[in-house]
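Here are the chains, one letter per residue:
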Amino acid sequence: MSLTRPNKTNIPLWQDTHKRQILAQFIFAVLVIVIVSLLYGNIIDSLSEIGMIPSFRFLRMDSNIDISESIISVDNTSSNLRLIVSGFLNTISISFLAIIFSTILGLIIALCRLSTNYLINKLAVIYIEIIRNIPLLLLLLIWYRAFFLKLPGIKEAIIFGKTLQEGGQTQLSFSLSNRGISMAWLRPSDHFTPFLVCMAIAFVVAIALGIFLKHRENHTGKEQRIILFPFLLFIGLSLISYALLPNAALQKDIPVLGKFNISGGLHITAEWFSLFSGLILYTSAFIAEIFRAGIQGIPKGQIEAARSLGLSHMKTIRLVIIPQAKVVIIPPLTSQYLGVAKNTSLGVAIGFPDLFAITGTIINQSGRALEMIILVMAIYLTLSLLTSLIMNLYNSRIQIKER
Amino acid sequence: MKKRVTLAFVLISVLVLCLSCGGKQESPEPTTTSVAAPAVAAAPAPVVKEKTSTLQQVKDRGYIVVGVNASNPGFAYLQEDGSYTGFEIDLAKALSVAVFGTPDKLEFRPLTSKERFIALQSGEIDVLIRTATINSSRDTELGLDFTTPYFYDGQTFVVRDNIGINTMEDLEGASIAVLTGSTTETNLAAIMASKQIEYRPLTFENLDEMKSAFINDRVDAVSVDKSSAVVFLAQFEDAGDFKGLEETISKEPLGIAVRHGDSAWKDICQWTLFALFYGDEHAITSANVDEVLSTTTSPETKNVLGKGKEIGAMMGLSNDWAYQIIKQVGNYGEIFDRNLGIPMKVTRGYNKPWNQGGLFYANPFN
Chain A
2 MSLTRPNKTN IPLWQDTHKR QILAQFIFAV LVIVIVSLLY GNIIDSLSEI
52 GMIPSFRFLR MDSNIDISES IISVDNTSSN LRLIVSGFLN TISISFLAII
102 FSTILGLIIA LCRLSTNYLI NKLAVIYIEI IRNIPLLLLL LIWYRAFFLK
152 LPGIKEAIIF GKTLQEGGQT QLSFSLSNRG ISMAWLRPSD HFTPFLVCMA
202 IAFVVAIALG IFLKHRENHT GKEQRIILFP FLLFIGLSLI SYALLPNAAL
252 QKDIPVLGKF NISGGLHITA EWFSLFSGLI LYTSAFIAEI FRAGIQGIPK
302 GQIEAARSLG LSHMKTIRLV IIPQAKVVII PPLTSQYLGV AKNTSLGVAI
352 GFPDLFAITG TIINQSGRAL EMIILVMAIY LTLSLLTSLI MNLYNSRIQI
402 KER
Chain B
1009 MKKRVTLAFV LISVLVLCLS CGGKQESPEP TTTSVAAPAV AAAPAPVVKE
1059 KTSTLQQVKD RGYIVVGVNA SNPGFAYLQE DGSYTGFEID LAKALSVAVF
1109 GTPDKLEFRP LTSKERFIAL QSGEIDVLIR TATINSSRDT ELGLDFTTPY
1159 FYDGQTFVVR DNIGINTMED LEGASIAVLT GSTTETNLAA IMASKQIEYR
1209 PLTFENLDEM KSAFINDRVD AVSVDKSSAV VFLAQFEDAG DFKGLEETIS
1259 KEPLGIAVRH GDSAWKDICQ WTLFALFYGD EHAITSANVD EVLSTTTSPE
1309 TKNVLGKGKE IGAMMGLSND WAYQIIKQVG NYGEIFDRNL GIPMKVTRGY
1359 NKPWNQGGLF YANPFN
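Protein chains in written order, with our numbering: chain A, 2 to 404; chain B, 1009 to 1374.
I should point out that these hints are in silico values taken from the structure, not numbers from a laboratory.
Do not take every clue at face value.
Pair ranges (Cβ atoms, derived) [said to hold, decoys possible]:
#1 A/Leu-139 x B/Met-1322: 52 to 58 Å
#2 B/Asp-1298 x A/Ile-36: 55 to 61 Å
#3 A/Ile-36 x B/Glu-1132: 20 to 26 Å
#4 B/Glu-1149 x A/Val-33: 30 to 36 Å
#5 B/Leu-1367 x A/Lys-260: 35 to 41 Å
#6 A/Ile-236 x B/Lys-1251: 53 to 59 Å
#7 B/Glu-1177 x A/Leu-120: 54 to 60 Å
#8 B/Lys-1067 x A/Leu-139: 42 to 48 Å
#9 A/Leu-138 x B/Lys-1251: 33 to 39 Å
#10 A/Ile-121 x B/Pro-1351: 53 to 59 Å
#11 A/Lys-163 x B/Glu-1132: 52 to 58 Å
Mimicking EDC-like on lysine to aspartate or glutamate, the simulated pairs with C-alpha atoms at most 20 Å apart in a straight line are [claimed, not checked]:
#12 B/Lys-1203 x A/Asp-76
#13 A/Lys-316 x A/Glu-218
#14 A/Lys-151 x B/Asp-1249
Sample of chain B residues at the chain A side, in silico, Cβ under 8 Å [unchecked claim]:
#15 Gly-1181
#16 Glu-1193
#17 Ser-1220
#18 Arg-1226
The beta carbon of each residue, even a glycine, is placed where N, CA and C say it ideally should be.
In isolation and in its complexed conformation, chain A is listed as follows (with noise of 0.2 Å):
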C-alpha cells in the first residue's frame, strides 16, 4: 500500500472498488447477523413460552435408560452426559474400524477391477455396480434382518470347541448365533503390567534397530530391510519376556452358555457386526473406485521407463506407481472416510446405540430437542473437522513438490 492513489478525494463511493467491497462485506455481515440473531430469538421466545428454557442442566442428571452396548460402564443411574460419552465411543470404535478394514478390502478389490483375468476382473466390476447403487440404509436392513436375524437361534448356535465344565457348565470356544459372536479371547491379567514395560522396551529397541538400518543403507547404499528386520525383533523380545516373566500377563476368557445367553469372553452383537459389515461393504466399493483413479492415473509412460531401468514389478509398484497415486487418492479417500464416521448414525435403524441413536433416546425422554441438536452437531462437526484435518496435514506432506 505505499502506492498512494491520485486524486483520492475525487472518486464516488460507488466507483471505488475497494470501499464498494467493503461495504458490500459489511452488508452481508450484517444480513447473517439479523438473520441469525432473529431465528435465535424467535427459538428462545416460544420456548419460554411453553416454559422450556434452553439450559444444559439435564446433562448432569440420571439417564434412567439402559443400552446394549457400551466400551466404558454404563446404567440407568448413570448421567446423561455419560451415556453421550458411551454413544461417541461407540460412533469412533467402530468408524475407526469401519475406515481400517475398509481401506484394504477396497485397495484388494481396486487391484481385482484391474486385474487382466477376466473373470476376476468382471467381478469386481459387478461388486462395485451393485453395491454403490444401493443406499447404505437399505444394505445395513437387508444385511441385519435378512443375514443377521435369520442365522440360527442361541439354541441351535454353530458352536467350536465345546467342552463341558464340572459345575454343569459348558463352556463354547467359538459360537454364532443371531445374537452375534461369541469366541474366546485373551484379557490382561492382574500381572499385565511388567509385560506392557516389556513390550515397550522392545519397542524402544526395534526402533532404534530401524534407525541403524536406514543409516548403513544410506552410508553403504546397500539394501537393508528397514521394516522386516525390527518388526521380527519387536515380536521376538515380546514373545520372550512373556514366557520369562514369572506370572502369565494374560488370561484365557472362555465364554459359557447361559440359559438365556452366553457370558465372558468376546462378545460381538449381531447389531454392532451388522453395521461394522454394511459400512465396510458399501465404503470399500467406493474407495476401490478412488484407488483405480488414482493407479490409473498414473501415465504408463512412467511404467515403462520403470521397467526399462530394471525395476521389478513390485518395486515399480512401490517406488513409482504408490507414491504418484497417493497425491491422487488422498483428498477423496478423505471424504470417504468423513463419510463413514456420519454413516454409522444408520446404525440407529438396527438397533446399535450409537451417538445419534443415544442422542435421540436422551432427547426424547429429556425433552431437551434444541440442546441436544445442538450437541451433537457440535460433536459430528468436531469428529469431521479433526479426521478432516490429520488427512490435510497428511495431503500436504505428500504433495508433489513443484519448483
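Go by the hints and put chain B onto chain A.
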C-alpha cells in the same frame, strides 16, 4: 492491509448488532446503515408468531392435525387403502365432531414415539393421541398438558411359552427388547435395577423391527404395555407359542397431550373425553341417544346433550357437540368394543365407568 480493513468492519458491525439485539427489541437502529435497515424491517414478518389459540387456528384451517401411531393395531393403524383405524383414531374423530360437527375434519400425522412430543412442542400437530403415558416430567419439563387418562395400561413382558418363564425373576440374563423413547424403556431399567436382575437391553425405534427381532429369537422377551401385548398375541395367534406374563411392572395411564398454556383447547379435549365417559356411565349409545334426548328427565343429561345449560357455547363449540359425538362416534364403551374388545379380545379391566367398578369418572356437567 485491505483484508484487515474489511475484517475490522465486519467485527465492528458484529459488535453494533450484538448491542442492538441484546436490548429487548428496541427500535431498529438507524445508526447501522441505511441499506441494512429495510432488511431488518422485512425479515421479522415470517418468523414472528401470531398469538392465536389452537382452537382458532384449527377453525381457520378447517381441520385438526392429530399425531398418531401408524403401526399399533387396535389403537391406531394405517390400513392398506391409506385410511386410519383404531381406538385412538375414534377419539380423534370425537374431537373433530366436537369442533366441526363431522368426524372427517382430521389430518393424521404418523409419528414414532421419539418424534411425538417434539412434533407437539413445535406446533406441527394440534393434539397428540398416541399411547402417551402421563407422568410428571412430561407434564412439566416437556411443556405439555395432559387430559385425564383415556386408557389405564400397565407394562408387562411377552415371552416364548415353552422355555419356562413365569415371573420376572426368570428373566435373569435374558435379552429383552424395548421401544426407545417410551416410558417402557425407563420403567424396565428401573425395575430391573431395583430387583437386581441382570439383563441385556436391545432398543428399537419401531414396533415392526422389534417384533421381527422377537419372532426370529434374537431376544428372549419384549417389554410392552399390556394392551399392546394382547394385540401382539392376537396378531400371532397361529404362532401360538408366545404368552404375556401376569406381572404388571408399572402404571401406564394414557392421556391426550396438548401444548402447555392453551387451557381452552385442553378443555375441549378433556370434556370430549368426559362426554364419551358420560355416555358409557349412563348407557347412552349412538343407537339410543335420540330416544334418551326426548325422554330424559335428568338435568345433567340434558346439559350434556345440549338441551340445558349452554356448555358448548362456553367452550366455543356448538351446543349439541356432545350429542353429536355420541350420535356419530358412539360412547366410550362402543369405541372400546369396536376397536379393542371384539377384534383384539382386550378385556375392559380398569377401563370401565366408576359405577361399574372401573376408574372412569366423568366430572359433572353443570
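query: If you check the beta carbons of A/Ile-121 and B/Pro-1351, does the distance land in 53 to 59 Å?
result: 58 Å, holds
query: Okay, B/Lys-1067 versus A/Leu-139 on CB: inside 42 to 48 Å?
result: The hinted range 42 to 48 Å holds for B/Lys-1067 and A/Leu-139, with Cβ atoms some 43 Å apart.
Verdict for B/Glu-1149, A/Val-33 (Cβ pair) under range 30 to 36 Å: 33 Å, holds
message: Let's test the interface hint: is any C-beta of chain A closer than 8 Å to that of B/Glu-1193?
response: At about 5 Å, which falls below the 8 Å cut-off, the nearest Cβ of chain A leaves the hint on B/Glu-1193 intact, so it holds.
C-beta pair B/Asp-1298, A/Ile-36: status relative to the range 55 to 61 Å that was hinted: 59 Å, holds
field: Cut-off 8 Å, beta-carbon criterion: hint that B/Ser-1220 touches chain A
entry: 6 Å, holds
message: Quick check on a hinted range of 52 to 58 Å for A/Leu-139 and B/Met-1322, using CB atoms only.
response: Cβ of A/Leu-139 to Cβ of B/Met-1322: about 54 Å, so the range 52 to 58 Å holds.
- prompt: Between A/Ile-236 and B/Lys-1251, does the C-beta distance stay in 53 to 59 Å?
  reply: 56 Å, holds
task: Starting from the range 20 to 26 Å, see whether the pair A/Ile-36 and B/Glu-1132 falls in it by beta-carbon distance.
output: 22 Å, holds
- request: May I ask you to test the hint 35 to 41 Å on the CB atoms belonging to B/Leu-1367 and A/Lys-260?
  value: At roughly 38 Å between Cβ atoms, A/Lys-260 and B/Leu-1367 fall inside 35 to 41 Å, so the hint holds.
message: Quick check on B/Arg-1226 please, does its C-beta sit within 8 Å of some C-beta on chain A?
response: Hint holds; B/Arg-1226 Cβ to chain A Cβ min 5 Å, cut 8 Å.
query: At a threshold of 8 Å, is the proposed contact between B/Gly-1181 and chain A supported by beta-carbon distances?
result: 5 Å, holds
Checked against the numbered hints above, the structure violates none of them.
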